[in-house]
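*Asks:* Residue numbers (the numbering used here), protein chains in the order written: chain A, 1 to 316; chain B, 1001 to 1559; chain C, 2001 to 2492; chain D, 3001 to 3280.
Check each hint, because a few of them may be wrong.
[Unchecked claim] Derived pair list, reagent style EDC-like, types lysine to aspartate or glutamate, alpha-carbon separation capped at 16 Å: (1) C:K2184 / C:D2085; (2) B:K1513 / B:E1143; (3) C:K2159 / A:E89; (4) B:K1174 / B:E1199; (5) C:K2355 / D:D3038; (6) C:K2159 / A:D53; (7) C:K2095 / C:D2123; (8) C:K2095 / C:D2125; (9) C:K2264 / C:D2448; (10) D:K3275 / B:E1437; (11) B:K1307 / B:E1145; (12) B:K1146 / B:E1134; (13) C:K2095 / C:D2153; (14) C:K2318 / C:D2360; (15) D:K3275 / B:E1016; (16) C:K2126 / C:E2063; (17) B:K1174 / B:D1091; (18) B:K1129 / B:E1145; (19) D:K3275 / A:D214; (20) C:K2471 / C:D2052; (21) D:K3275 / B:D1432.
It is worth saying that the hints were derived from the structure and are not from the lab. Only a predicted model underlies this, so the values are computations on that prediction, with no experimental measurement involved.
Given next are the chains, with one letter for each unit.
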Amino acid sequence: MFAFIVTRVAVGAGLVLLVLTLIFAALHLVPGDPAVLLLSRGDGTAPSQAAVDALRGQLGLNQPLVAQYWNFLIGVVTGDLGTSFRTHEAVVASIAGRLPRTLELVVFATLLSIAVGIPLGTLAARRRGAVDTTISTLTSIGVALPVFVFGSVLVLAFSIWLGWLPAGGFTAWNQDPVAHLKGLILPGVALAVGFSAIIARMTRSSVQEVMNQDWVRTAKSFGLSPFRVLRRHVLRNALTPIVTVVGLGFGVLLGSTVLVERVFNYPGLSSLLVESVSTRDYPVVQGIVIVIAVMFISINIVVDVLYGFLDPRVRR
Amino acid sequence: MSHPLLSIRELSVDFETAEGWKPVTHGVSLDIVAGQTLALVGESGSGKSVTAMSVLALLPLHTRRRGSILFTGEDLLCVPDKRLQQIRGRDIAMIFQEPMTALNPVYTIGRQLIEVIQSHRQLSTAAAKERALELLRSVNIPEPEKKFDHYPHQLSGGQRQRAMIAMAVSSEPKLLIADEPTTAIDVTVQVEILDLILELQSRLGMAVLIITHNMGVVADIADRVVVMRNGRVVEEGGVEDVFVRPREAYTRELLAAVPYLGRAEKFLGGLEPGLAVTESTTGDMTTTVPVLELTGARISYPGSWRKAGFQAVHGVDLTIERGEIVGLVGESGSGKSTIGRAVLGLLPLAGGTLKVHGTDVSHGTRALARQRRGTVSMVFQDPASSLNPRRTIAQAITDPLRWQGIQLRGMALRERAMELLEQVRISGSWADRYPHELSGGQRQRVGIARAIAIEPMLMVADEPTSALDVSVQASVLELFLELQRSYGFSCLFISHDLSVVEALANRVIVLQKGVVIEQGSTRDVLQRPQAEYTRQLIAAAPVPDPTVQQQRRQARTTG
Amino acid sequence: SNEAQTAASGTGAQALRFGLSAEPVAPVAGALQGTVANTMYTLIHRGLMAYDSSGALIPALAESVKTPDAVTYVFTLRPNLTFQDGTPLTATNVKNSIAYYADPANGSGLYAGLKDIASITPDGDKTVTIVLTAPNSAFLQFLAVPTAAIIPDSSLNSKTPNWVGVGPFKLTSQESGRGLVLQKFDGYYGASDVKLSRIDFAYYTDGEARTNALLSGDVDMIDYVPWENFDRVSAAPGIKLDAQAGPFQYVQFNISRGPFANPKVREAVAYALNRNNSVKAAFQNHGKPLYGIVISENDPAYNADRLKLWDYNPAKAKQLLAEAGFPTGFATTLLATSQYAFLQDTALAVQQDLKAIGIDATLDAPDWATRLTKGRNGDYDLAVSGDAGIITDPSYFLPLVTGPNTPQRSFDYNNPHIARLIDDGLRTTDPVAKRAAWDQAQSLIASDVPIATLTTRDQAYAFRQGVTGFKNLPGFLTFYSGYSLVNTSITK
Amino acid sequence: MSSSRWARALTPFRIVVIGYVLILVAVMILAPVLAPADPLAQNVTKRLTVPLTDGYILGADELGRDILSRLMYGARVELFIALGATLASMVLGTIIGLLGGYFGGLVETLTMRVIVDVILAFPPIILALLAVTLYGPGPGTLIVVMGVLFAPTFARITYGQTLSVKREEYVEAAIAFGAKTVTTMFRVVLPNASAPTIVRFSLTVAAAILLESGLSYLGLGVVPPTPSWGSMVAQGSRYLSSSPHVLLVPGGVVVLTILAFGVLGDALRDVLDPKEKRRS
Ligand SMILES: Nc1ncnc2c1ncn2[C@@H]1O[C@H](COP(=O)(O)OP(=O)(O)OP(=O)(O)O)[C@@H](O)[C@H]1O
Ligand SMILES: Nc1ncnc2c1ncn2[C@@H]1O[C@H](COP(=O)(O)OP(=O)(O)OP(=O)(O)O)[C@@H](O)[C@H]1O
Ligand SMILES: [Mg+2]
Ligand SMILES: [Mg+2]
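Work out the full structure: start from the sequences and follow the hints.
*Replies:* Structure follows, in structure tokens:
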């Protein structure tokens, strides 16, 4: 297993390089000039060519692409991801500021989704008929509801009508822990709705498959309680596809909480990414992509190791 | 007769099918008294397992039970689930027919044992582990400390079966239901397992319901016998009565088909093993290449994570000439299945050479594997797990034909499937059933039909008849001999049933701990065994005669 | 949390919580960086001139402005001006700042207005004299643009974030993506009149989220209320909506190729547009149809009779098309952007209007960055845009008829006659002459159609009833409404 | 496949759902005949008309277009894109996952790592921008973008399942009986590894509709004014508090359709599982 992980990490490093190269190429292929954008008023007059050229020079955009790429790589290797075109803040610092918030939100949403999705899916698999139909309707609504819609509904209900929770925003933990946690609830729930529905669906199918296996009958024959049979002999064996989906979902959430971050005005990584893409803030985009790539690749390594834990037959 | 512990009255079980409720058993009644052993025997597919599983309500969903099942006066058909849960495992424990699929693949057998032990008794994990090891030892699993941490797939068929038995007896139940508990176990171990059961019986007054096809086992331990056929009880009586004075024609038929070690000539209607082609005429060994030639074969299982690998076979030499049936017998866990899998190219050789039809295929490249195709086939030891659950049995049988491009037309394929099914005595109308809709023996026969479908030159048959009643077994063995005669197919026949080996094999190879300890012609090995282990094997082989068994048992206990 | 901070900053302190529509970019000296940047400038910085709550031009750092002749401006600075870093503000700072903004190489957005400067002379520590090469009636307006701030010499480059000013508020903390805090700067010359002790800005990029934050009480005030929410906000108890007609929307043409090189076709477009529809479609009626060129009512050139250059007349539009040789119309493309819903909706309305006269326009709605690139490269036939002048003087219109191509002007359009007339109006000190020149320019615009204007849109701020003294400035100045936060106070 | 299993899987609820899907398909085909109005015709004076007034059965949108007609035409675009993208990604992803899981080693590195991990790590919005830049916006581009984006999900699911299934004894049996590698992979391993994929299919249809909505919002999707459900939802969300029907009507149809696909997916899974006997 150790060798396996070492190889995977080495391959992972290569992949990050590949992603870096692709993102660099992609950014320069996509139209939109950062200098023009920086010097344009929201939707007002355009800057003079002289100003644009001057700024391009200052941002290093007039160098040949190869040189820019090389500098970028050198930067990455030395841990310097450059400074934002837009805010002049060091990219490492802006990511360091935002990543923990996104991570916290995503972890919370993931845990919530697991806590809701697995029991729901199991219930649907075990009790057919009306229960199954109800759950399948609920989960369909769950996957079909755009977060921006569901999020808005949550805000209307819990912030504006009931006034229980803040409509959005973020309070640092050290500033006010209670407000911090309160601020997590609505965005977390909004994210978890779709995710838990997905988990529930996968769980239903997987559990159904396992419930028909002979060893479940064996477990029953020894008088294990239904709950224990379910937990240890059904769910445990049904976990592989669920783990896959959770791993994937977690990774995808990391990079795509943008809509939730918007609706709840949650200053996370994703909104920074989207903003930076729309303003063509190359260093920030590149920096975030590196971070997300590293996390994705690590998650996948973890998931693949988990496969071995879950099913001894696939150990290597 | 004292008050029965378990009393099954007029039990009928129906399965729901697309055509409505289909009865499987009809009004089965039987009684088991505490301290006694009842053997349930009969045709494969007659409803023995279904009856046994009805007791603890373990049938699949969409089945219906009618009648009554009285256990210490309580009708198990009507007790609430909570009560049933208490009874299961503690009062009544069950050994399932197919141990591969009956064990959870993701837990070590140790953990599964501990779980069962703790389910009805408050025991610390350490104490439970102690008890688990003790149980593993008592069912004769070698190196129990090591095997404790093995997953089911890392065990041999017999080892899994013994793990299953250990789980079942762990709670020292009042009633033990054992569905074919010793099919994968060699006779020496089988004796000890049966001893274990009898010991529990005498110590705790445990009642035993044993389902078996092995008349030797019946003769050995049963007090009473119930014979089933087509879902009905056809005969019931004391073991002596049934063996000596069978009343029903079916029972007589059944007993007549029982192979008896040392009396092979009476078996199989006088058919005798065919002669190997090489021996037959000239005796000139150089003109034909052996079908299979293993020299110095070493086979290992790879380790995983921190566990080291395991070498299961240490330098085995084995040759099968064209048209020869070679019996491979030996201790459970000695590497028989391992050799079989290596021959099929499913496991790589760690050393030595493997030649099939003279071609060296030791380094299983793809091209070589393709050469093997169409000529070598296998009956897997565990029929349940070796059949694709998503293919009907007809598809399962004909898939190899399509894969090998032997026959590709739809109707023809189906007809061939029907024909093959009939050959193993399964009605062609069952063609569209899925494996899980069959009884254990039926599944095994599907495995056999699949293996003969491609008319292989060489077949590895791993315990192909262990789940078959003697009459079906006889027809399957006849089929083998016929194939041998008709086109000279060769077979590596792995079995624990020495009488079957005697009836079928030209030569016998005895394996112990991954090493060949004796080989020679069937007659030589079985009648003049050289190795100590072989002698033990032969001595331990049960014979279908209650009186003889009684004497043997007495001899063992006194001596 | 905000309450906690307020309490900590002392009793009687007034803290305003402001939901801002975007995170301000790092301010760069002289660059025009958008609405929220302007708001920051109005609070942190000051120039020689500013606007009061009614939108009137007032002296700011200058105590007084004297204009001894048409080209000379003498600014007398207020006493004891200090930057927020403690250094005193000198006349030299004034000179350096303005000279920096007047140099096109520095990327200044103010260049157009300051290019007439012949000399800047600090006289001692109190006065600065600026002499122009020609009269310029908009000169003072340019100095009132928030970015025309007087800043320390050390900020006069494009690298140093321009956060140190002499304005009423001082940046004290900033958290990327979340918000920033401004605290009252006691060194500000009018500090005694400033009621707010601090302003907590939180960024709400999403309009709905911004509105919700106000309605749920998370903030006291928001800018840029989405048009969809005007009614909801004004209906909410205890909330006040302050809207002003601001920027204008228009159709721009690619003159370099195809049918739109022909003024008749452009004129046809101008007549084809159903502006009432556009106002409803894009701004839920919170705007006005625009049939001519926006001009401030306070401007001498304002002429109520010349506000309509075109009207909605599809028949005439068809006829013009036929005259231009396209009796059956033609197919073309219409560039918009999906990033701003109002522009996309505007484009959809325009698309339908054009279809009615036979012009079949396919919509191209990429993201804003791509939209700008395409506009700049002339990679379009028609485009819809929104714009506002940085000053109210009609000369704001100059870049739309002359000068280099920018993303938001008709590509390759150049009309020296119109440019000359507008310039004449700028140069004259005579209101009548200015009006005459503008009138003439309008006639040319009507037939040559550099752009076909569509609508004006309302820009709104909304705040709790406890917020008083704030005023949304009229017209283009709405973007400078931050100036009135100086007079704002809040009661909880 | 025995017809009885189909019969068993067809509960009344599922029959209703199939009815809905059939209606949907009919509407798709017959949209020009059935639609009460031109889906593109604006009538701004009637903007945001609520349902069942002024002849707008389902109301009018922000530009006064008939929502019902837009839904009908939108079904064509939507289902073409969503199903197209989902099918494409499923086929692609399943093959990739199967290859990676079955062979391991270098093949696994090439498929699961170089393709899947890299796509996963690449921000979707940049991919979409890039594709739109290179191919121009439109349904074709959307299918490509979403196909690429969703394929890794299918790949990883299939990969995980394949790792387990390939160790099953019946797979060994197939190999022993001379099944070619391709046959073993696609005919033996795949059917036994595909239950989660089937479930995922319906989920991906949902994700595709949502993503289409998101991308339309960013201008990377269907070119307006062509109606698509996703863009209708995206646009409608601006009127959630003022004119909710603009959002709720297309949103409701999206939910119903996703529900239908989910139910069908579950039904298909049940039918394909021979051990599944239970009637719901
Ligand atoms: N996957 C595996 N990993 C490690 N060890 C294994 C594995 N499979 C089998 N073994 C070990 O190899 C040995 C030989 O197993 P094999 O299945 O060949 O026995 P067998 O002779 O067929 O026994 P039986 O008669 O019980 O079926 C056993 O001790 C078993 O524990
Ligand atoms: N799930 C099922 N669906 C339909 N029929 C079934 C199912 N399980 C078992 N049967 C049928 O019920 C009958 C009785 O099966 P059972 O397993 O009891 O046989 P058995 O006597 O134990 O045979 P064997 O000795 O082969 O194990 C068989 O004909 C079998 O085909
Ligand atoms: Mg049985
Ligand atoms: Mg074996």
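*Asks:* If a hint holds in the structure, say so; if it does not, say that too.
*Replies:* Quick rundown of the hints versus the structure:
Of the pairs offered as hints, the one joining C:K2184 and C:D2085 holds, with about 14 Å between alpha carbons and a cut-off of 16 Å not exceeded. A C-alpha spacing of about 12 Å is found between B:K1513 and B:E1143, which places the hinted pair at or below 16 Å, so the restraint holds. Taking the CA atoms of C:K2159 and A:E89, the gap is near 11 Å; set against the 16 Å cutoff, the hint holds. A C-alpha spacing of about 13 Å is found between B:K1174 and B:E1199, which places the hinted pair at or below 16 Å, so the restraint holds.
Pair hint C:K2355 plus D:D3038 holds up; C-alpha atoms about 14 Å apart against a cutoff of 16 Å. About 15 Å separates the Cα atoms of C:K2159 and A:D53, which keeps this hinted pair within 16 Å; it holds. For the given pair, C:K2095 sits about 10 Å from C:D2123 by alpha-carbon distance, which is consistent with the 16 Å threshold. As the CA atoms of C:K2095 and C:D2125 are separated by approximately 11 Å, the hinted pair is consistent with the 16 Å bound.
The hinted pair formed by C:K2264 and C:D2448 meets the criterion: a straight-line CA distance of about 8 Å does not exceed 16 Å. At roughly 9 Å between alpha-carbon atoms, D:K3275 and B:E1437 fall within 16 Å of each other, so this suggested pair holds. As the CA atoms of B:K1307 and B:E1145 are separated by approximately 14 Å, the hinted pair is consistent with the 16 Å bound. Of the supplied pair hints, the one linking B:K1146 and B:E1134 holds, its CA atoms being roughly 13 Å apart against a limit of 16 Å.
With a CA separation close to 10 Å, the supplied pair C:K2095 and C:D2153 stays within the 16 Å bound. The suggested pairing of C:K2318 with C:D2360 holds, with an alpha-carbon distance near 13 Å, which does not exceed 16 Å. As the CA atoms of D:K3275 and B:E1016 are separated by approximately 13 Å, the hinted pair is consistent with the 16 Å bound. A threshold of 16 Å between alpha carbons decides the hint, and for C:K2126 with C:E2063 the separation of about 10 Å falls inside it, so the pair holds.
Between B:K1174 and B:D1091, the direct Cα distance comes to roughly 5 Å. Compliance with the 16 Å bound is thereby established for this hinted pair. Using a Cα cut-off of 16 Å, the hinted pair B:K1129 and B:E1145 holds, with the two alpha carbons roughly 10 Å apart. About 11 Å separates the Cα atoms of D:K3275 and A:D214, which keeps this hinted pair within 16 Å; it holds. Of the supplied pair hints, the one linking C:K2471 and C:D2052 holds, its CA atoms being roughly 9 Å apart against a limit of 16 Å.
For the suggested pair D:K3275 and B:D1432, the alpha carbons sit about 13 Å apart, so the restraint of at most 16 Å is met.
Every hint from the earlier list agrees with this structure, and none is contradicted.
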